[in-house]
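Enquirer: With chain F held as given, fit chain X onto it using these hints.
Chains F and X supply the protein sequences, listed in that same order.
Sequential numbering of the first sequence, starting at 1, is according to the working numbering.
Sequential numbering of the second sequence, starting at 1, is according to the working numbering.
Hints may contain errors.
[To be verified] Taking beta-carbon pairs under 8 Å as the criterion, some of the chain F residues facing chain X (in silico):
(1) Lys-23
(2) Gln-27
(3) Asn-214
(4) Ile-219
[Said to hold, decoys possible] Heads up, simulated DSBU-like pairs for lysine-lysine below, C-alpha to C-alpha not over 30 Å straight-line:
(5) X/Lys-86 / X/Lys-178
(6) F/Lys-15 / X/Lys-212
(7) X/Lys-212 / X/Lys-247
(8) X/Lys-247 / X/Lys-30
(9) X/Lys-128 / F/Lys-29
(10) X/Lys-128 / X/Lys-212
(11) X/Lys-30 / X/Lys-128
(12) X/Lys-128 / F/Lys-15
(13) X/Lys-86 / F/Lys-289
(14) F/Lys-29 / X/Lys-178
(15) F/Lys-289 / X/Lys-277
(16) X/Lys-220 / X/Lys-277
(17) X/Lys-212 / X/Lys-30
(18) F/Lys-15 / X/Lys-142
(19) X/Lys-86 / F/Lys-29
[Stated by the list, open to error] So the derived label-pair ranges between C-beta atoms look like this:
(20) F/Ile-242 / X/Ala-166: 33 to 43 Å
(21) X/Glu-29 / F/Lys-289: 38 to 48 Å
(22) X/Gly-60 / F/Met-40: 46 to 56 Å
(23) F/Leu-226 / X/Ala-166: 30 to 40 Å
(24) F/Val-39 / X/Asp-25: 53 to 63 Å
(25) F/Met-33 / X/Ala-17: 37 to 47 Å
(26) F/Lys-289 / X/Asp-168: 45 to 55 Å
Calculated directly from the structure, the hints in this document are not laboratory data.
C-beta atoms are modelled at their ideal positions from N, C-alpha and C, and glycine is treated no differently.
Now for the letters of each chain:
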Amino acid sequence: MSKLAPVFKLSQSVKRIQAIVFKEFRQLKRDRMTFGMVVMIPIIQLLLFGYAINTEVRGIPIAVVDMSHNAAARVIEQAVVATQVVEVIERYPTPQEAEKAIVNGEVRAALVFPPDLAKRIVEERALGQWLVDGSDTMVSSALLPLRSMPLSQIFIDPALDYGKSHTTFEVALFFNPTRRAAVNIVPGLIGTILTMTMILFTSTAIVRERERGNLELLITTPIRPLELMIGKILPYIVIGLIQMTLILALGYSVFDVPIIGALHQIYMATLLFIAASLSIGLVISTIAKTQLQAMQMTVFILLPSILLSGFMFPFEAMPGAAQAIAEVLPATHFMRMIRAIVLRGAELPGLLNDAFWLMGFTVVGLMVAAARFKKTVD
Amino acid sequence: MSVLAIQTRGLTRRFGALTAVDHLDLQIEKGTIYGFLGPNGCGKSTTIRMLCGLLTPSEGTIDVLGQTLPQDAEALRLRIGYMTQKFSLYEDLSVLGNLRFLAQLYNLPGAVSRQRITQVLSEYGLDKLRAQLAGSLSGGQKQRLALAAAVLHEPDLLFLDEPTSAVDPENRRHFWEKLFDLCDQGTSILVSTHYMDEAERCHRLAILEAGKLCAEDEPKKLLQPLTGRIVEVEADDMRTVKSRLQKLEQVRSSAQQGIRLRVLLNPGVQDSLEFVKNHLSDLQMHCQLVNPSLEDVFVQVTRGARSGGRQ
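The shape of chain F in the complex, shown without the other chains:
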């Protein structure tokens, strides 16, 4: 009594995927080691990275809002740029627009010259205001010294040198007024941990099937390569979301990280990143022959993701070549998105460039993996 029902029915396909998903969870339940890693990696890393690393920062992108239309503003701006700490990439007519740009992560700070600049120079009052994205402590600490820049440096005319220390600019630190590193580290950690676990788990999960000979069994059953892949990655998407929730919850309760953005925005951005990471994992799984190789290749992606994505060092402070590499990595884009959403309350429509990059990355990754997977069976 052989059953020659069509193999291509969607409902049957869904059931086969379901079979893989449940099997994967049953195996995970048994695999204490992996199960422990799901929970322990976020916790341990979170506690370890609670302390930040500081480096000298240069070339921070800022915007200038000149409401004074005074030649002095031009001169002051040039003096500030001459310190090389900042780089003016935008000009806005109003402080509100500059704030929006900070929220969306387009610039890290804005220098605002008030309409009464000329009067302020005469009256020896603060000349302008810095609006600073305080969520990245390294950026804000680099900008803070500019506050008390002596005017003698700005105006060559000694008549203007008052010879006394005084505040040249007022500074408004947004989002992280107390400049605590954890605020910036915790959302970044989501990106790092997801890179590590998502790529590692998917790549080893499929390689393990091959290594233990299970693939030999699977390929004689009606399951198709694509069904197998979908079934294998679905459980890890769930795991990724659990890890993210765990990190944010811990960050919120232990490190008082403010969660300004909407939760559904956070989950959506995270899903995009998980998808991109899983597609890397799948590609690795079609290349690696053993779980050890899969792990080595994961480290190859993981290291630049930690060092270059903006998690450790501000993206803007890195040399051009490093930035170019970083732009390719999904972690860089996710880092921008998750910080913008969690710390500055940005929303996905304001972060479309990064979102599209992650989507494109996922599509390309899946296509490469599916094309390569066929070959590995032969």
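Expert: Chain X only, in chain F's frame:
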């Protein structure tokens, strides 16, 4: 409806410069147990993988259960079962978990799935082991589970790739009883092996070497031409006997088995017993004609001529 389960013409598979399977013509009848006998690397596994649709042939045509491979591979998967050489079920799932997982992959409806799982559990003596992890089973138990998994969806054709390589003779006998049961129920079975005793049980046998078909017939008929050509010699000075016999061009091979030397003579020697006695007349020895075994057939048809080293 054809009475052939498998038919191949000029089946060939190359891996780079190596030709693993070389123009194989097979005709395997339905409802029989058909054996592939050959040493490791003779192309048994490669052939089976091609017949399952897992490997694309470099050349030649394959017809399995009336379907053309590799085109119809997907449809065929529901009708064939494949037991891999290495245990390929999930060691970290229970016996029941493995069977359930496979039933789902084959899309067996719930009721059928439950009934089949109960049936194979009792049939293959796995009832009491159902909750045990597959990885903790003994060699014989693993093999029974693998067979149960391969027949869960009631395939018409079953491929077994060296199924008993990790199993003791007792378990091997039980295993073969199960195979004959399946065969009686109408399942066609193709089994590869390098065990002579296992090969002897097959209805028909193909002897493969270096990807080529060397001989193909019922085991009994394969033995026939060797009748009267095997002499067993018992002597004190086995070394001298062996070295002296191996020099003779009439001697195809000689192999020591315990205290005896098994001598296979080339065809054309009139009286084998007399021939051997004459050449060893000056030695203390005793010799007798014995029945041929499949090992002798194997030595005869493959190129391993005059290799006295075969154990």
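Enquirer: With reference to the structure, classify each hint as holding or not holding.
Expert: Outcome of the hint check:
no. : hint                              : verdict
1   : Lys-23                            : holds, 5 Å
2   : Gln-27                            : holds, 5 Å
3   : Asn-214                           : holds, 6 Å
4   : Ile-219                           : holds, 6 Å
5   : X/Lys-86 / X/Lys-178              : holds, 20 Å
6   : F/Lys-15 / X/Lys-212              : violated, 42 Å
7   : X/Lys-212 / X/Lys-247             : holds, 29 Å
8   : X/Lys-247 / X/Lys-30              : violated, 46 Å
9   : X/Lys-128 / F/Lys-29              : holds, 23 Å
10  : X/Lys-128 / X/Lys-212             : violated, 44 Å
11  : X/Lys-30 / X/Lys-128              : violated, 34 Å
12  : X/Lys-128 / F/Lys-15              : holds, 28 Å
13  : X/Lys-86 / F/Lys-289              : holds, 17 Å
14  : F/Lys-29 / X/Lys-178              : violated, 34 Å
15  : F/Lys-289 / X/Lys-277             : violated, 58 Å
16  : X/Lys-220 / X/Lys-277             : holds, 28 Å
17  : X/Lys-212 / X/Lys-30              : holds, 23 Å
18  : F/Lys-15 / X/Lys-142              : holds, 27 Å
19  : X/Lys-86 / F/Lys-29               : holds, 25 Å
20  : F/Ile-242 / X/Ala-166: 33 to 43 Å : holds, 40 Å
21  : X/Glu-29 / F/Lys-289: 38 to 48 Å  : holds, 40 Å
22  : X/Gly-60 / F/Met-40: 46 to 56 Å   : holds, 55 Å
23  : F/Leu-226 / X/Ala-166: 30 to 40 Å : holds, 34 Å
24  : F/Val-39 / X/Asp-25: 53 to 63 Å   : holds, 59 Å
25  : F/Met-33 / X/Ala-17: 37 to 47 Å   : holds, 43 Å
26  : F/Lys-289 / X/Asp-168: 45 to 55 Å : violated, 33 Å
Checked against the numbered hints given earlier, this structure breaks hints 6, 8, 10, 11, 14, 15 and 26; the rest are met.
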